[in-house]
Amino acid sequence: MRAWACYHYELIGYRRTWKGSVFSQFIVPVLFMLSIGLGVGTYVDRGGALGAVDYVSYLAPGLLVSTAMQLAVGESTFPVFSNFEWSRYYYAMQATPVRVRDVLGGLLGFLLTRVLVGAGAFLLVMAVFGAVHSPWLLGTLPVAGLVGLACAGPAIAFAARVTSAANFSLMFRFVLIPLSLFSGVFFPVERLPGWLEPLAYVSPLWHAVELSRQFAFGAFTNAASWHAAYLLVWLVAGWFLAHSSFTRRLQK
Amino acid sequence: MALITARGLQKRFGDLTAVKGIDVQVEPGEAFGFLGPNGAGKSSTMKMIGCVSPRTAGELSILGLDPATHAAEIKARLGVVPQTDNLDVELSVLENLTVYARFFGISRAEARRRALELLEFVQLTERANDRVEPLSGGMKRRLTIARALINEPEIVLLDEPTTGLDPQARHLVWERLFRLKQRGVTLVLTTHYMDEAEQLCDRLVVMDGGKIVAEGSPRELIERHSTREVVELRFSLNEMDELGSIAEKLDGIAQRIETLPDRLLLYAADGDAAIAEVHARGVVPASVLARRSTLEDVFLHITGRTLVD
Chain A
1 MRAWACYHYE
11 LIGYRRTWKG
21 SVFSQFIVPV
31 LFMLSIGLGV
41 GTYVDRGGAL
51 GAVDYVSYLA
61 PGLLVSTAMQ
71 LAVGESTFPV
81 FSNFEWSRYY
91 YAMQATPVRV
101 RDVLGGLLGF
111 LLTRVLVGAG
121 AFLLVMAVFG
131 AVHSPWLLGT
141 LPVAGLVGLA
151 CAGPAIAFAA
161 RVTSAANFSL
171 MFRFVLIPLS
181 LFSGVFFPVE
191 RLPGWLEPLA
201 YVSPLWHAVE
211 LSRQFAFGAF
221 TNAASWHAAY
231 LLVWLVAGWF
241 LAHSSFTRRL
251 QK
Chain B
1 MALITARGLQ
11 KRFGDLTAVK
21 GIDVQVEPGE
31 AFGFLGPNGA
41 GKSSTMKMIG
51 CVSPRTAGEL
61 SILGLDPATH
71 AAEIKARLGV
81 VPQTDNLDVE
91 LSVLENLTVY
101 ARFFGISRAE
111 ARRRALELLE
121 FVQLTERAND
131 RVEPLSGGMK
141 RRLTIARALI
151 NEPEIVLLDE
161 PTTGLDPQAR
171 HLVWERLFRL
181 KQRGVTLVLT
191 THYMDEAEQL
201 CDRLVVMDGG
211 KIVAEGSPRE
221 LIERHSTREV
231 VELRFSLNEM
241 DELGSIAEKL
251 DGIAQRIETL
261 PDRLLLYAAD
271 GDAAIAEVHA
281 RGVVPASVLA
291 RRSTLEDVFL
301 HITGRTLVD
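Those sequence lines, one after another, are chains A and B.
All the letters of the first sequence, read from the start, carry residue numbers 1 to 252 under the working numbering.
All the letters of the second sequence, read from the start, carry residue numbers 1 to 309 under the working numbering.
Do not rely on the hints blindly, as some may be mistaken.
[As the list claims (entries may be wrong)] Straight-line Cα separation of at most 25 Å, DSS-like style, residue types lysine-lysine; simulated pairs:
id	chain 1	residue 1	chain 2	residue 2
1	A	K252	B	K20
2	A	K252	B	K211
3	B	K20	B	K211
[As the list claims (entries may be wrong)] Selected chain A positions facing chain B (in silico; Cβ < 7 Å):
id	residue
4	I12
5	G13
6	Y14
7	R88
8	Y91
9	T96
[Said to hold, decoys possible] Residues from chain B that face chain A, not an exhaustive set, calculated with beta carbons under 8 Å:
id	residue
10	V52
11	D88
12	R183
No lab work stands behind these hints: they were computed from the structure.
Remember, it's a predicted structure, so these values are computed and weren't measured experimentally.
Built from N, CA and C at the ideal position, the CB exists for glycine as well.
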């Protein structure tokens with residue numbers, strides 16, 4: 001299958017950098033858990049704002065999906081842009097029987113692999129910090145995969161449309177960072193100023209955080225399936241957006 | 001049966017018509033060239049033949065199939081060498097071939113066998129495990145050509161195959177392409193190097209402003225649009241302004257006299273006879289050169305000397 005060939009291509013390229021990235025996949029969550037989880041957590045727990053739940057356990061499932069989103073989006077920017085603008089490798093693929101959907105399928109498959117491996121590493125870190133409370137925790141893995149792909153689609157579309165890599169730092173600064181700060185990872189969105197709160201509900205990350213937290217504690221609300229559905233909508237819409245942006249860019 | 005047939009083929013980008021209805025036929029085993037200045041529509045035509053750019057109007061058939069409906073089937077049997085190398089510079093030389101083979105559904109073992117054979121063919125065997133990044137321009141070009149051959153294509157499309165290469169590298173590429181031709185592979189190339197067209201092409205078309213303005217073998221085109229020989233007369237600096245009146249004095253010596261800013265070109269069947277006549281009329285140029293007419297003369301005659309950017 002042609003999409004597998006594209007997936008294989010991504011893996012071969014990743015072989016050069018995997019050591020560094022696996023290392024950082026363990027280090028980054030450890031740093032966050034230490035600084036925010038334990039550091040800030042001490043104050044939160046003292047105040048008893050979360051009731052019976054300790055702050056590290058509250059934070060971890062949110063951080064997990066937030067990290068997944070950042071990984072997937074990060075890998076959808078420069079690498080995609082480079083294959084259009086610098087190495088122009090997508091144009092080489094275009095000369096073969098491979099279609100746009102194969103290239104995208106291979107890329108998303110690769111991102112899914114990366115996110116799942118990263119999220120798996122994160123779960124190990126959580127276990128070390130004693131933040132495991134339910135066997136349902138394993139359900140956070142598909143949530144991480146889903147939010148990664150849901151956000152990768154629009155990011156790929158963006159990377160296929162921009163003409164300068166400088167746009168990515170704007171995207172990181174004005175979209176990605178605010179998203180990860182105001183999507184309920186570190187504190188409940190009800191604490192946001194009233195005018196900002198509705199924006200959190202639009203964010204796919206907020207839905208993923210809610211879902212992930214429900215899995216982490218094995219306690220589900222009626223909203224769970226709506227969160228999943230919302231992420232699926234992003235995934236499907238993102239796919240079509242990425243597909244049309246790719247096709248357009250390749251015509252140039 | 002012709003491998004490529006185009007009838008009234010057109011390509012428009014918004015208001016701009018890049019290809020204005022061309023007719024082309026390429027036969028099996030032929031080396032066919034598109035010649036033309038920048039913006040003539042060569043690359044647009046190549047992209048339509050390569051099934052990556054849909055045609056706006058007209059008919060196009062490649063290997064008996066329509067690119068609009070059978071792009072993947074056609075691409076499976078084409079090899080493409082683009083104008084700018086688009087190798088994956090992070091991968092090794094060998095990986096660039098084996099990974100690409102997978103896009104054609106070639107098995108891992110077969111891909112490796114073909115890749116090693118092709119590296120031999122383009123003389124890159126020693127570099128097989130090196131990264132692509134530090135390779136010279138000529139080596140990258142040869143690797144791109146090897147990659148285009150991984151699916152054993154029936155037609156190889158080459159868009160300016162030797163642009164930017166030094167003379168040694170160019171000759172090596174030509175020699176390899178010539179061997180492909182001997183093996184019966186059909187070559188379709190664009191170039192603005194006249195020597196390249198003369199070396200490689202059995203038949204070619206000259207494109208200008210999106211249209212075909214001349215067609216034939218290199219020999220035929222020279223015979224039709226130029227003379228057998230050309231005499232170049234250069235004059236001293238203080239005579240430069242009088243080139244026009246000198247040309248008048250030489251009237252009738254050659255079939256055609258072209259006045260350039262720095263010299264006169266005499267298009268004549270017999271260059272030496274023309275030179276003798278020049279001297280007989282008392283004209284003393286600073287330097288005289290009689291040479292055989294080339295495609296360059298044809299090309300400049302047809303497409304004009306104005307610089308196109």
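Hints that the structure is at odds with (numbers, increasing) | Numbers 6 and 12 - these are the hints that the structure violates, sorted from lowest upward.
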